[in-house]
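Novice: This is what each chain is made of:
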Amino acid sequence: MAFLDLDRISVAFKKEQVLKEASLSVERGETVVVFGPSGGGKTVLLRLVSGVMQPDSGDVRLGGRSLLGAGPEQRDVGMAFQNFALYPHMPAFENIASPLRARGMAGDEIARRVQETARLLKIDHVLKHFPKELSNGQKQRTALGRALIAGPEVLLLDDPLRNVDAKLRYEMRIELPRLLKSFGGAVLYVTQDYKEAMALGDRVAVLLDGRFLQVDRPAEIYRKPADIRIARLFGDPTINLVPVKPRLGANGPEVDIFGSRVSLPAQTGHLLDRDCMLALRPEHIEVRTEPVDGGIPMELDAVTPLNVRTVLFLRSQDGREVLATCSEHEQGRFGRGHRAVHAAIDFGRALFFDPASGTLLPAAA
Amino acid sequence: MERDNLLVTILRGIALLVVGLFFLFPLFWVALMSFQTNEQILRIPPSIVFEPTLSNYWALISGRLVSNAGILEIKFMGNLWNSVLLSTTSVALALLLGVPAAYAFARFRFRLSEDIAFTLLSFRFAPPLLVLLPLSLYFQDIGLTDTYVGLIWVYQLIALPLILWIVRGYFEDISPDIEHAYRIDGHSWWKTFTRIALPLARPGIAAAALLSFIFCWNNFIFALILASADKQPVTVGALAFVTASGIQYGQIAAAVLLSITPTLLLALYAQRYLVEGLSLGAVKG
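For the record, the sequence lines run as chains Y and H.
Each step along the first sequence adds one to the number in our numbering, with nothing skipped, and position 75 is 75.
Each step along the second sequence adds one to the number in our numbering, with nothing skipped, and position 167 is 167.
The hints are simulated quantities; they were obtained by calculation from the structure and are not laboratory data.
Just so you know, even glycine gets a beta-carbon here, dropped at the ideal spot from N, CA and C.
Please note: incorrect hints may appear among the correct ones.
From chain Y, some residues computed to sit far from chain H (all C-beta separations above 10 Å) [what the hints assert, rightly or not]:
id, residue
1, A12
2, R47
3, G71
4, D76
5, P88
6, H89
7, P99
8, R101
9, A102
10, I110
11, R146
12, Y222
13, R288
14, D318
15, E328
Label pairs and their calculated CB-CB ranges [unchecked claim]:
id, chain 1, residue 1, chain 2, residue 2, range
16, H, W189, Y, Q267, 29 to 37 Å
17, H, T119, Y, Q74, 16 to 24 Å
18, H, I142, Y, E21, 27 to 35 Å
19, H, N5, Y, L179, 55 to 63 Å
20, Y, H89, H, W189, 14 to 22 Å
21, Y, R232, H, F108, 35 to 43 Å
22, Y, R119, H, W189, 47 to 55 Å
23, H, L133, Y, H89, 45 to 53 Å
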C-alpha cells in the first residue's frame, strides 16, 4: 500500500462534478506533480488532502489510516497556497514559526529552526518584515518555509510559482527539486505549466475531466501520452494533429497526408482502413531547403526564433498548418521565411489516436 | 501656474472655513451659552462678550438647580452615569453576540442564513414606536420595566444589527485561505478565530462598536418609555431642564457639552477606524 492514497475520490460543486472517482498513490519521498488545465480540480484535490474540504465519496489514506473526518490541524500536512495566504498581521518570522508554535515547541528552538529554514530559502534577512513589505518572491519563499518547517508527512504545493516573476520561477525550478529531495515526506505539487511538471515531478499525474488520465514519469508522458489532450498539453510548440486513414499500398501501409502519399512504418499495419488522428512532434519534422528522399514539399510561412530552438510555421500543399522546429544554427538557412521547403517526417515516432475517444492507439507488438 | 495654485489654495481654505463654521458654529455657540446665565443668554441682541460663569456646571454636578422659582433637585450626573453604563454594556453584549454571528454569516452558508441576517437588519429600519407599545406591556408582565437589564436588552435592537452587518463585511474580506493555512499549521478552530479572524477584522469591529455606541448613547425613545428617572440616560434626563419657571438654557448647554464629551473623545480616538470601517466593510454586504 502506498504512503498517501487517494482512493476513488468524488467531489461535486452544485451540479458540476469536479472529481470523478479519482485515484492516486504517492510514495514517501516521492514528488508527484498534478498537472491539468485550470479549473480542473487540482486545487480541490489538495484541499481534500489538507482537510479543508471533505470528499463526497472516496477515501484519503495516509500510511494506511483514513484521514476522513480529521480536521486540517490533525493531519500533519504542510501546504503552500497559490495566493501565499500569509498572515498579514504577523512578521515573516511568525508566519514561518506558526506550525512550530502549534506543536508547542520551546521559543529558542523555534528561533533556531526558523533561522535555519529561512537561510535555506534565502529569506533570513527579511524575517522581521510584514508580508506587505515582502516582494512576491520573498512571500512565496515565506509560504514555502511555513509549509516545510515542521517536516510534515505530506507537503502540498499549490502552483507556488504561479505568482512570481519569470526569473525567479526559473531559479526556483532549479532549486525546488533539491529542496523537495531533502524533504522526506510525500509531495503533491500542482501546476498547469508542463515544463514545471517535467522539471519537478518524479511522476506526473494528468488530471483531466475529474480523473487521472495518465500517471507516469515525465519522459513517458511526453513520449507516449495516453490521450490526445495530454499530447496537446505537453509540448511547446504544440504537437501537430492530422486526421488520416492508413491504407495498404504496394510497399506496406501508406497514408495520404499533406497532399502527398507517404509510406508508414510496418508496425502501423494494425491501423489499416481505420480513421486515426496522427500526431507529430514538431521536433520530429526535419525541414530542408533542397528536395530529400521521402520529403514532402511544403511552404515555409514564418520563422520564429525562440533562442535555443526555432519554430517553423509550415503550410502543406493541402493547406494545413504544420509546426516544426530546428536548432538555432540551422535557422540561417531559412532566412525570414516564406519559401518552398521539404519536410522529412519521422513517421516512426508518430503517434496515433482514436479520433472519437481521443485515446492512444497502441503500436503493434 | 504658481498664481493658480495659490488661488486654488486660498479658495479651498475659504471653502473649508465656511463649511467648518457652518457645522461647528452651533456647537461653539452652545459652548458659549454653557458659561452664561439664563439672563445673559436671553439678551437681545445676543452678545459674544460676557462674564463667564461656572454656575451651570456647578448646578449639574451638585444636582441642585437654583432658579428664581426655587431649588430643584436634578439627577444629571446620575443620568450621565446611566448613559455610560447602558451604552457600554449594550455595545459589549452586542459585540459578544454579534461578532461570532457575523463570522458565521460570513463563512457558512446555512439554511435561511440570508433571511436571518436580513431580519436582523430590518430592526434598524423599523420605527421603534412600532414595537414600543407591545414591548412595554410585555416588560411589565415579566418585570423588566425600569431595569438596566431590560434597557440593555432593548438596546440590542440598535447595536446588534449594526455590528453584525459591518463586521460581516470585514470577515468576508479576509481570504478563507489565510484561516485554512493557520489550521493546516496545526492550530484549532478556536485559535484560528481568535488569532487570525478577529485581529484581521479589528478595524471593522472597532468602527462598528463606535457607531453602535453613538447610536445607543443618542437613543431617547426606548429609555423614555421603558425606564423611570433613576435609570434614564442623559438624552431623557435633559427634559428636566424644561421647568415650571422656564427653560434653563444655560444648564441645557452645559449638559449638552458634558454629554457629548464621552462620544466625542471616543470618536476622536477611533476616527481612523470609523472612516475606514464605514468605507470598506459596510459597502460589501
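Novice: Are the hints correct? Go through all of them and say.
Specialist: Evaluation of the provided hints:
1. Every CB of chain H is more than 10 Å from the CB of Y/A12 (nearest about 16 Å), matching its label as outside the interface.
2. Consistency note on Y/R47: stated as away from chain H, yet its beta-carbon is not over 10 Å from all of that chain's, at 8 Å minimum.
3. With a cut of 10 Å on Cβ distances, Y/G71 falls inside the contact zone with chain H, its closest approach being about 7 Å.
4. The beta carbon of Y/D76 sits about 8 Å from the closest Cβ of chain H, which is not more than 10 Å, so the claim that it is off the interface is violated.
5. Once the 10 Å rule is applied to beta carbons, Y/P88 is inconsistent with being away from chain H; the minimum gap is 7 Å.
6. With a cut of 10 Å on Cβ distances, Y/H89 falls inside the contact zone with chain H, its closest approach being about 5 Å.
7. With a cut of 10 Å on Cβ distances, Y/P99 falls inside the contact zone with chain H, its closest approach being about 4 Å.
8. Separation of Y/R101 from chain H is inadequate, the least Cβ-Cβ distance of about 8 Å not exceeding the 10 Å criterion.
9. Remark: the non-interface label on Y/A102 conflicts with the geometry, its nearest Cβ contact in chain H lying 3 Å away (cut-off 10 Å).
10. Y/I110, annotated as away from the interface, keeps every beta carbon of chain H farther than 10 Å; the closest lies near 13 Å.
11. Under the 10 Å C-beta cut-off, the non-interface status given to Y/R146 relative to chain H is violated; the minimum distance is some 7 Å.
12. For Y/Y222, the non-interface assignment is confirmed: its Cβ lies about 33 Å from the closest Cβ of chain H, beyond the 10 Å cut-off.
13. Residue-level check passed: Y/R288 sits 54 Å from the nearest beta carbon of chain H, beyond 10 Å.
14. The claim that Y/D318 is not at the interface with chain H holds, since no C-beta of that chain comes within 10 Å of its own (minimum 51 Å).
15. The claim that Y/E328 lies off the interface holds: its Cβ sits roughly 43 Å from the closest Cβ of chain H, which is beyond the 10 Å cut-off.
16. Distance hint check for H/W189 and Y/Q267: the Cβ-Cβ separation is about 60 Å, which falls outside the suggested range of 29 to 37 Å.
17. Between H/T119 and Y/Q74 the CB atoms are about 37 Å apart, so this pair departs from the stated range of 16 to 24 Å.
18. The supplied range of 27 to 35 Å is broken by H/I142 and Y/E21, whose beta-carbon atoms lie about 59 Å from each other.
19. Evaluation of the 55 to 63 Å hint for H/N5 and Y/L179 yields a pass: the beta carbon distance comes to about 56 Å.
20. Y/H89 and H/W189 have their C-beta atoms about 19 Å apart, which keeps the hinted 14 to 22 Å range intact.
21. Look at Y/R232 against H/F108: about 40 Å separates their beta carbons, and that is inside 35 to 43 Å.
22. For the hinted restraint 47 to 55 Å between Y/R119 and H/W189, the CB-CB distance of approximately 33 Å leaves it violated.
23. Between H/L133 and Y/H89 the beta carbons are some 48 Å apart, a value that agrees with the proposed interval 45 to 53 Å.
Hints 2, 3, 4, 5, 6, 7, 8, 9, 11, 16, 17, 18, 22 from the earlier list are contradicted by this structure; the remaining hints agree with it.
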